[in-house]
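Number of protein chains: 2
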Amino acid sequence: MSQAIITTLTVVGVGLIGGSFSRALKAAGAVERVIGVDQDADNLALALRLGVIDEVAPSLAEGVRAAQVVFVAVPVGSVTAVVAQAAPFLPPGCIVTDGGSVKEELVQACEPLMPADTFFVGGHPIAGTEHSGAAAAFAELYQGRRCILTPTAFTDTAALNLVRSLWQAAGSRVECMEAATHDRVFAAVSHLPHMVAYALVHAVARSAEEEENILAFSAGGFRDFTRIASSDPAMWRDIALMNRGALLDMLDRYSAEFNALRERVATGDGPWLEEFFHTSKRLRDGIR
Amino acid sequence: MSQAIITTLTVVGVGLIGGSFSRALKAAGAVERVIGVDQDADNLALALRLGVIDEVAPSLAEGVRAAQVVFVAVPVGSVTAVVAQAAPFLPPGCIVTDGGSVKEELVQACEPLMPADTFFVGGHPIAGTEHSGAAAAFAELYQGRRCILTPTAFTDTAALNLVRSLWQAAGSRVECMEAATHDRVFAAVSHLPHMVAYALVHAVARSAEEEENILAFSAGGFRDFTRIASSDPAMWRDIALMNRGALLDMLDRYSAEFNALRERVATGDGPWLEEFFHTSKRLRDGIR
Chain A
1 MSQAIITTLT
11 VVGVGLIGGS
21 FSRALKAAGA
31 VERVIGVDQD
41 ADNLALALRL
51 GVIDEVAPSL
61 AEGVRAAQVV
71 FVAVPVGSVT
81 AVVAQAAPFL
91 PPGCIVTDGG
101 SVKEELVQAC
111 EPLMPADTFF
121 VGGHPIAGTE
131 HSGAAAAFAE
141 LYQGRRCILT
151 PTAFTDTAAL
161 NLVRSLWQAA
171 GSRVECMEAA
181 THDRVFAAVS
191 HLPHMVAYAL
201 VHAVARSAEE
211 EENILAFSAG
221 GFRDFTRIAS
231 SDPAMWRDIA
241 LMNRGALLDM
251 LDRYSAEFNA
261 LRERVATGDG
271 PWLEEFFHTS
281 KRLRDGIR
Chain B
1 MSQAIITTLT
11 VVGVGLIGGS
21 FSRALKAAGA
31 VERVIGVDQD
41 ADNLALALRL
51 GVIDEVAPSL
61 AEGVRAAQVV
71 FVAVPVGSVT
81 AVVAQAAPFL
91 PPGCIVTDGG
101 SVKEELVQAC
111 EPLMPADTFF
121 VGGHPIAGTE
131 HSGAAAAFAE
141 LYQGRRCILT
151 PTAFTDTAAL
161 NLVRSLWQAA
171 GSRVECMEAA
181 THDRVFAAVS
191 HLPHMVAYAL
201 VHAVARSAEE
211 EENILAFSAG
221 GFRDFTRIAS
231 SDPAMWRDIA
241 LMNRGALLDM
251 LDRYSAEFNA
261 LRERVATGDG
271 PWLEEFFHTS
281 KRLRDGIR
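Just so you know, the sequences run in chain order A and B.
For the first sequence, the residue numbers in my numbering are 1 to 288.
For the second sequence, the residue numbers in my numbering are 1 to 288.
Treat each hint with caution, since some may be false.
A pair holds if it fits inside one copy or across any two, identical chains being indistinguishable in the list.
In the SDA-like style, the derived pairs of lysine to any residue whose C-alpha atoms are separated by at most 20 Å in a straight line are [to be verified]:
id : residue 1 : residue 2
1  : K26       : D156
2  : K281      : M235
3  : K281      : D224
4  : K26       : E130
5  : K281      : E212
6  : K281      : D232
7  : K26       : Q143
8  : K281      : P75
9  : K26       : R49
10 : K281      : G221
11 : K281      : S230
12 : K281      : R206
13 : K26       : R173
14 : K26       : F138
15 : K281      : S132
16 : K26       : G144
17 : K281      : E209
18 : K281      : P112
No lab work stands behind these hints: they were computed from the structure.
Okay, chain A solo, but in the shape it has when bound (with noise of 0.2 Å):
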């Protein structure tokens, strides 16, 4: 066991998540209690149960009062939410700390939420299962998976390099990069393939109520290839919605190369679709 980073840790939200985040800085040694809390009165009793926290606040406020630093582990689009309502009952020098998928639009409307000698750092770890709840957290989650911070020109220095720790000793690799960096990144790798995924998924479904042969034959490669619109679907209107402005421009880029090829299809060009092809091959294999 290493000395504890910090004393008392408040997750909000004590899910997958918030719950190996927590089990993960317990395993570490990293800190010393865990706090629960959680709108799920029955998922908050299983984690204490499960030795995923070491309490169980009765309410959000009660919750952050003793914290040094509150994680809010919650769906993207409650973040700012749980911030303003705890942020009256922080006590000094807490930090605030979250893992919304999406962070501009959240770190700009939570700056100016916190109260004096208190801190807020947006952060992103890149890791999850197909399961949720306290009962699908563990400690190796974040072994070896990245984890993105996306500090402002008003992020305290002593509280970024507290979280980031607080990221090491749970195994993640931290990487800070602005906000809408961020958020461009994902629109690409993330965000964009599941929209045309479930947009894929609905056009061959409409087309299997007129010929039912197609899904008898889905159960193959399209199945395997559609899995991400098999993805929450509150969450990712979450994503969506805050999203919008990088989604949106990835979406209208992705668009062009699709109608492109479209009419490359439409008007038979063989070789202007095998180089097309070549090209995609050839980007996609050199992804390393």
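Could you slot chain B onto chain A? The hints should help.
Relative to the frame of chain A, chain B by itself:
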């Protein structure tokens, strides 16, 4: 060993598909002798050395002269040309079948090429690996995999039954389907997803030229999601050209869904987005 179904099979194109068909039938004792024809003399010599085939033919004409069944396993865009070249040399009673992944245009083109007392049966085994060439062929490739045969009003029933029994001997589950139905089904579950993935890789790679962080974060889910964009460019050029009609229909159905989604992202319509994502999840999870 069961009794052989046929004495002599000629495989034109001794790669993964043709070579595995040969290996599977030999392993099942369903054929006595397999003759190989291939443009690539080195590949053909390798096929003979590895026991994928029993004999090498010096030319297509020589290769088919003694064949009871000819399996044309060349790229889908070359099947018709091979059938046209082989036709004058086919012995009476000979059955020609193929493994092309687009069927309507191909079957319509091949049927009129067949001399009297020879038969054509279109086929499409739904199997493959990322490897190619005779060395990649293995007897189990078709085990439990579907093979679609696309008979027409002109198809000889005895020829159809014989081709079916060969694919069953190779381990396939054989289904018959109209060629046009086949092409609509695969436009939906395979050809459209490939086009979507190719366009997606282009869009993201173009953006990565401006924002290098995108490339660094492409290694995760994006890389998995776009695996199919790594498929053989010449093969997909042929598929896009030969299945143009059904593919364009699917491209346009998909565009309509994608554009509707884009508009709701632009207007920030949360309830619509959640419902759209929820429907996708339900439809996709319903595929068994």
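How the hints compare with the structure:
no., hint, in the structure
1, K26 / D156, "neither (25 Å within a copy, 72 Å between copies)"
2, K281 / M235, "between (31 Å within a copy, 12 Å between copies)"
3, K281 / D224, "both (19 Å within a copy, 13 Å between copies)"
4, K26 / E130, "neither (23 Å within a copy, 44 Å between copies)"
5, K281 / E212, "between (32 Å within a copy, 19 Å between copies)"
6, K281 / D232, "between (30 Å within a copy, 8 Å between copies)"
7, K26 / Q143, "within (14 Å within a copy, 49 Å between copies)"
8, K281 / P75, "between (36 Å within a copy, 18 Å between copies)"
9, K26 / R49, "within (15 Å within a copy, 61 Å between copies)"
10, K281 / G221, "both (18 Å within a copy, 17 Å between copies)"
11, K281 / S230, "between (26 Å within a copy, 4 Å between copies)"
12, K281 / R206, "between (29 Å within a copy, 14 Å between copies)"
13, K26 / R173, "within (18 Å within a copy, 53 Å between copies)"
14, K26 / F138, "within (11 Å within a copy, 51 Å between copies)"
15, K281 / S132, "between (35 Å within a copy, 16 Å between copies)"
16, K26 / G144, "within (17 Å within a copy, 48 Å between copies)"
17, K281 / E209, "between (33 Å within a copy, 17 Å between copies)"
18, K281 / P112, "neither (46 Å within a copy, 37 Å between copies)"
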